[in-house]
Every structure is written in structure tokens, then in C-alpha cells.
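Those sequence lines, one after another, are chains A and B.
Here the first sequence is numbered in numbering that gives the first Met the number 0, starting from 0 and rising by one per residue.
Here the second sequence is numbered in numbering that gives the first Met the number 0, starting from 0 and rising by one per residue.
Among the clues, some could well be false.
Derived coverage of chain B by chain A (criterion: at least 3 residues anywhere in the stretch with Cβ under 8 Å from a Cβ of chain A; other residues may be distant) [said to hold, decoys possible]:
1) 81-94
2) 167-176
3) 191-204
4) 260-274
Label-pair restraints from in silico Cβ distances [what the hints assert, rightly or not]:
5) A:Ile166 - B:Glu358: 24 to 32 Å
6) A:Ala116 - B:Glu312: 36 to 44 Å
7) A:Leu312 - B:Thr102: 44 to 52 Å
8) A:Asp357 - B:Leu339: 45 to 53 Å
9) A:His355 - B:Gly183: 30 to 38 Å
10) B:Lys249 - A:Gln345: 18 to 26 Å
11) A:Leu312 - B:Gly183: 22 to 30 Å
12) A:Glu197 - B:Ile10: 17 to 25 Å
13) B:Glu326 - A:His355: 41 to 49 Å
14) A:His55 - B:His316: 25 to 33 Å
15) B:Ile10 - A:Ser400: 52 to 60 Å
These are computed hints drawn from the structure, not numbers from a lab.
Quick reminder that beta carbons are idealized off the backbone N, C-alpha and C, glycines included.
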Amino acid sequence: MAGPDGLLFEGLTVVELATDPGGEIVGKILAELGADVVKVEPPEGSPTRAVGPYAHGRADADHSLNFWFYDHNKRSVVLDLTTAEGKADLHRLLAGADVCITTFRPPEARALGLEAADLRKASPRLIVVSITPFGLDGPWADWQSSDLVGLALGSPLNSCGYDDHTIPPIRPGGDQGYQSAASFGQMGLMLALLHRDETGEGQLVDIAMHDCLAVGAELANPYWFYPGVLVHRQTCRHAQPTPTQPAIFQCGDDRYVYFVMFVADQKQWPVLLDWMQSKDLAVDLDDPAYLDAAHRQANFDHIQEVVEVFFLLQTADEAYLEGQARNLPIGVVNHPDDLLDDAHLQARGFFVEVEHDDVPPALYPGVPFRFSAFGSAPLTRAPKLGEHTAEVLEAARSGASERSR
Amino acid sequence: MQDAPALDRSIRPRRGPLAGIRVADFCWMGVGSVATRLLADFGAEVIKIEDRIRIDTPRRLPIYKGEPARNFGEERLDADPDRGGLFNNYCRNKLGVTINMRTKHGRELAERLIARSSVVSENFAPGVMERWGLTYERLRELSPSVIYARMSGYGHSGPHAEFRSYGPVVQAVSGLSAISGLPGREPSGWGLSYMDNQAAYYNSTAILMAIYRRNRTGEGTEIDVSAVEAGINLLGPTMLDVTVNGRSTKRPDFPTGNRLEWPHAAPHGVYPALGEDRWIAIAVFDDDQWTGLVGALGKPGWTDDPRFASQEERYAHQDELDTHLGEWTAGRDPVETTELLQSHGVPAGTVQNAQDLNERDPQVAHREVFFEMDHPVIGEARFEGTPIHFDHLGQDNWRSGPLLGEDNEYVFKQIVGVSDEEYDELQAEGVL
Chain A
0 MAGPDGLLFE GLTVVELATD PGGEIVGKIL AELGADVVKV EPPEGSPTRA VGPYAHGRAD
60 ADHSLNFWFY DHNKRSVVLD LTTAEGKADL HRLLAGADVC ITTFRPPEAR ALGLEAADLR
120 KASPRLIVVS ITPFGLDGPW ADWQSSDLVG LALGSPLNSC GYDDHTIPPI RPGGDQGYQS
180 AASFGQMGLM LALLHRDETG EGQLVDIAMH DCLAVGAELA NPYWFYPGVL VHRQTCRHAQ
240 PTPTQPAIFQ CGDDRYVYFV MFVADQKQWP VLLDWMQSKD LAVDLDDPAY LDAAHRQANF
300 DHIQEVVEVF FLLQTADEAY LEGQARNLPI GVVNHPDDLL DDAHLQARGF FVEVEHDDVP
360 PALYPGVPFR FSAFGSAPLT RAPKLGEHTA EVLEAARSGA SERSR
Chain B
0 MQDAPALDRS IRPRRGPLAG IRVADFCWMG VGSVATRLLA DFGAEVIKIE DRIRIDTPRR
60 LPIYKGEPAR NFGEERLDAD PDRGGLFNNY CRNKLGVTIN MRTKHGRELA ERLIARSSVV
120 SENFAPGVME RWGLTYERLR ELSPSVIYAR MSGYGHSGPH AEFRSYGPVV QAVSGLSAIS
180 GLPGREPSGW GLSYMDNQAA YYNSTAILMA IYRRNRTGEG TEIDVSAVEA GINLLGPTML
240 DVTVNGRSTK RPDFPTGNRL EWPHAAPHGV YPALGEDRWI AIAVFDDDQW TGLVGALGKP
300 GWTDDPRFAS QEERYAHQDE LDTHLGEWTA GRDPVETTEL LQSHGVPAGT VQNAQDLNER
360 DPQVAHREVF FEMDHPVIGE ARFEGTPIHF DHLGQDNWRS GPLLGEDNEY VFKQIVGVSD
420 EEYDELQAEG VL
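Given these sequences and hints, build the entire structure.
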């Protein structure tokens, strides 16, 4: 794409009161695209600094990789929001801000006197994005949650796990409950910004992780809305009303590929057969009887066995690249380690090196939004606790006296 | 006997922050349809362009009202495209037209529609739009400040740009599947096309960002969002453990199932409950929550065990802890257990299914997460709302999903300016 020019959120000021990834991700994306995101933390640091893993085992507030991942490109300001002085500083920051991101649950917000509606009053143009487990109202609004509990109540967890139902549903990795809430927070914020540009009016955006996950299980709700059936979890493939064949195949190098055989599909079969024949591994599947979809369906178990052996006799990357070359939708089950060697990601310059003070530079995933007309900011390391307190408060205090003049 | 009043399908001006934005929407499948759904929900005039020969998959998936369920993958080729429930859920609030892009007149008609649109969206394999001549350069000639939103599995550059993918392939390739499962066995991954949803959200966001920018500069942009790259951004801090610490995830104790490596929560798991395949998730992060749990349990003797005396001790003895807790949960109704634990300040929740969400969940009901609209073929149906609450904005639901080609006459005559005679010719030629 053509050379990008300028940053999307240049000049946008954001105050982040987030204490979990749901809000932090929204702040991160804004910061990556050029916003000035000031993360307000208590004196002991954001609770997300107390979550490992840690860089080179250094278990302190400035070396949490959890914090590095969700908070890079931001500035850190320490304010004690339980004190009048801390609140006054916060309100000075909010008065000059465009956006405030908060994750305080209603009882926490009440205790601090910082409910979303109060924050909203800081300025008529302020957009407050509140991202909480259950939203700001309703019978569960004060309940506690977590990524696991959120995924359970919201229902995606019901679709994830193994064929063996003596094993409980298994949580997909990577904070996806929070990620889902953050995605709607981001979309809500963008709609609120567009509305503000048109009307000058601020907004309260109230996101409940529970609501987001309740619409986040793909086919489960439509299967209930229409035929009125439930889906049941299966190993690493779609939960369905009734069981289907396995879709991950182990390869010779102990890695896996994901591949769904649609045996009823008349187009896919000859492609798969030709691929197997090219390696002399079709066994008896070249029997013309298998050209008939009904015969394939009747002998699915045998086909599955032959295909399992076929994949076992090659590496996962061989199967992935050759299958894709044959236009089959097959995926290699990459580990995070494997991504660093991926030729495609390298060609797109996806991972980018980020400098740190006291550890060597390290690769971070790049910004997943690419625009021809504008760019993203260079990635910079997460701030140390309170690294920007003095400069930010000084600017806010002088800004406030400017405004009062 | 009186006929039921005809369903009002009339087209009205849209409300919301995107009112006035017209989208020529070539998107299809789940990921594309979800991405432009948000735009339609908040006032954009999204014109979904379909092909009568290659029917959009959600129209064909066998999710029908009043019929026994079939697994998807078992669709009937002769299925009525207007009965698909998934399509209705994905395409409500959009207009629907048909254009045969294999014909010269079809491509000309598409260009005329693009000339009257300010956003063009597509999620075909790279190369398809180019084959129709619809490059960004051409689009700018037709609509100078156009936003061209291109959504694909791998992005529009790089050696794998043309690889075929759908949600589960993206989940596998981006690492999301491998980080999910019990240690020492195959990954459990995902039981849904999670990345169809998440890539769609990233694409919706990217379009809104481009509109925000265009409102300031007057300039459009081409957008390239790769679902795999979005997926890698969702891996979380595990990715940095690899790149900063050089710690491989290919090790016998990874992934960690329902347990957390960080923070040291314990108990942290999914426990059996009363009923067939019913479960409850419980997560204890600190001493206060542990004290709440012990109180909810009625302070049984085992909770005094010194192995459970601190969060670190509990984390080190999760097997024993899980056995005790699982014995307690197993004979109890999960909904009652959830309420009991929450009343003691313990994060806990039933593993709810779609029936629970729709029929029992008071929070979903209070927040009006789902809504109903009528449809001429399907009848009254439920929809998943866009779960964003505002104090000054709202979702604008004006119509259920379009019938195949339902809005051809309105869009081509009123918006594009096709004359009655030409319209009849296009129909006769099989362009529509």
C-alpha cells in the first residue's frame, strides 16, 4: 500500500482508568494509532502490573509482560483516587480529555465516588467508555467476574472443550472474554466520536462483557432461535447439534493441521484424492466406488483412518503449504513460537522490534489495522509506574489555570 | 376471515451516527456480513450485493425455523435462500440487491452503484475484485474519497495472501487454537468461528476509523485487515513470554486447561454441577474471595487444611482443592450455586447455553441483548443485538434480513438512476 501519512488519533487525549485488559486493550489500540493515552494508576500500580509472566523473571511492577502487552505506547501517572487531591488531579485531566476509559464495577465506582455518570460530567464533550463484567445496570451489575467466569455465563465456554464430556468445557486462551468486551468498547467509542464530531455532544458508552459474550458464540444462538436446538462441544472444531468427525490431524513432526473433510462435497474429494495419490498414500480410496458421495459417507470411518495416516507421514508445514497450494482450506496449528518463522508474516513486516531500558529489544505483534492514507505510531515500551506523573500533572495544572483565566 | 396485515418492508431514512453513509457491500460469509452489520445497525445504508448463482453461505446453512436441526455442512442444495436463519441474524437492517458480476453489464452496474457510495467493502479471496477491475485506483475514479475496506484471512500482500481460510483456519494459523487445551494432549481450541466474529469487529472498527479520518481530511483510504494478524494480537502476554523470555509454549505443562499460569488464582476451574453435562466456573484470586468461598461452603473442616492457608499454598495444591470443591458442586444446581457464591463475593457462574441465555438469564433480559423482528418468509424471529449501550445513541432496527434481490428495484432505479426500460433489459439479460 502507499506510504502512510500522519496518525489517525493525533491530538486525541485519553485518560485510562482501566484495571483489567477489557479497558486496557481499547487504550492500547488508541495509543498505537497516535492518541495520547494517560494511564492513571494507584500508588501500588495497576493490578495488571502484578500479573506475570515477567521479563527475565524480574517480578516487579515494571517487568510484567502482562502489562507490557496491554499497556505499551501509553503514559503512566500515579494518582491516589481515594484522596481529595488525587480526585482533583483526575478531574483536571478529564477536563482536557476527549475520552475516558473506565473498568470500575458499579460497587467499586460508588465506593470511589467515580461512577461513569459522574466522570461524564467532567466535560460536555467527554466520551466515557465503561467496560465492566455485567454493565452498569441490571440484577447482576454488582456481581464479580473474571475471564473464565465471563466466558461461562456468556456461553462461549459451553461450545469449547473435548469430545469427551467427562472433561469440563475448557477455556480458550488469551483473555478472550476481555478481548470481546474491548472490541465492542472500541466500536462504541468510534460511533461516539463520529456523533461528537457532528453534534459536539459527549457520550456514555456502557459495555458489558456479559452482553458481548452472549452474542459471541456464533451459531449457538441462531440454532436456538430457529430450530430450537443446542450445540454440543467437540474437540477443536465447531460445536454442533450432533457429533461430526475430528478435524485436527497429527503430523509426523508432532504438530497438527486443522482440516475439515466435507465428504459430501463433490469438488473437494477429487482434490484430496489427487493429493493422496501424488504421495502414493491413497490406499484403496482410488476405488471408483468412492466417487459416489453416498459411498463416502457410508465409509467415513475408513476414509478418516487413511487420511490420518496420510497426514502422519508428512510434517505439518508440508501439509499446510501443499494443501493450500491445492486450494484446500487447511490450517497449520501454529504455536506462538512458530509465528516468528512464518514467511508470510515476515514479508508483511508484522512483528516489530520494541526497545526496552534494561532488557534487549523484543518483538511485539504489529498493529492489525493497515491504512493506505495514514499510519500507526512506532511501538514503544510500556511506561514504568508513574514515569510521567510530573510532566502530565504539571501540564494539567497549567492547562486548568489557562482555562480558568 | 381477514388476512394478516402485510408486513411493512418500506424503506425509510435511517437514524444514527452513520446516517447518510452508503456502503456498496460485496461482503459475504460470516466474517464479512458481521463486519457490515454494525454499520447497518447504526444508520449506514448498507447495500448488500449478492450473486444468484453463488448464494451466500449463511443463506444456505441449515438453520431453519420449524425444522429439525441439521449440522452445518449438511445443507441442501435446493434450500430456499430466504429461509436461512443465520443470514437473517447477520443481514438485518441491510438492503439486498443481486448483480451478476460475470457479465459486462453487471460490472458496469456495480460501478454506477459504487459511484454513488462512499464506502466499498469486500472479503473475497485477494484477486477477485481486481478481476472485475475494481482496484482502489478505479474506485477513486468512481468515488474520489472512497473508503475501500478489504478484509481477508491473510491480508493483501505476502506469499500467503491467496491462501483459503475461514474462522477455524485463522484460529489455527494465528496460534489461538494451540494456546487452548489441557496439557499433554491435542488442543481443544475453539468450538466456534471465534475469528469470524473478532476479525469482523476489527474490520468494523477499521471502517469507522477511516470515516473518522475522512471527516477531518476529506481523504479516503484503502484498508487491509488480515484476520491472522488480528488473531495474533489476541494471543495476550503469552506471545511476549516467547519473544522477550525465549520461553517456548511447546512444553509439557502448556496450555494449562482452565487453570491460570498468571495470576496465581486457585481454585480456578470448571466444576461439575447437577444435571446432564452441566458445569460451573469458579475463580478465586485473593484471600477475601477465599474467605467468601469458605463461608458459602459452610466452613467445612477441609478448608482449615494448612495447604489451603494462603493464595500461594492454594495455588500449589490445586489438585486437592479441586477435588474438594468438585465434590461440593457436583450435587448442586449450578444457578443456585452461582447465586450463593456471588452473594459471598466469589466470582462464579454457570456455564450457560443458548437456552439459558434466552429463557433464564435475568441480566440478558434486563439489558435487552436480543430483540425480535418479523420476516416475510421466516416469520417472527429473534436477533442478537449489537451490545453497546449509549446515553444518546441507539441501534436503529428498521427491517429484518433482505430477501434475495428484494431491493433491486429501489436501489437501481432510485439510487443508481436506471430507467424502467433499462431495468427490464437488465432483468431479461440475467444481470440482476
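Evaluation of the provided hints:
no.	hint	in the structure
1	81-94	holds (count 3)
2	167-176	holds (count 10)
3	191-204	holds (count 10)
4	260-274	holds (count 9)
5	A:Ile166 - B:Glu358: 24 to 32 Å	holds (27 Å)
6	A:Ala116 - B:Glu312: 36 to 44 Å	holds (42 Å)
7	A:Leu312 - B:Thr102: 44 to 52 Å	holds (46 Å)
8	A:Asp357 - B:Leu339: 45 to 53 Å	holds (47 Å)
9	A:His355 - B:Gly183: 30 to 38 Å	holds (34 Å)
10	B:Lys249 - A:Gln345: 18 to 26 Å	holds (20 Å)
11	A:Leu312 - B:Gly183: 22 to 30 Å	holds (24 Å)
12	A:Glu197 - B:Ile10: 17 to 25 Å	holds (23 Å)
13	B:Glu326 - A:His355: 41 to 49 Å	holds (47 Å)
14	A:His55 - B:His316: 25 to 33 Å	holds (28 Å)
15	B:Ile10 - A:Ser400: 52 to 60 Å	holds (54 Å)
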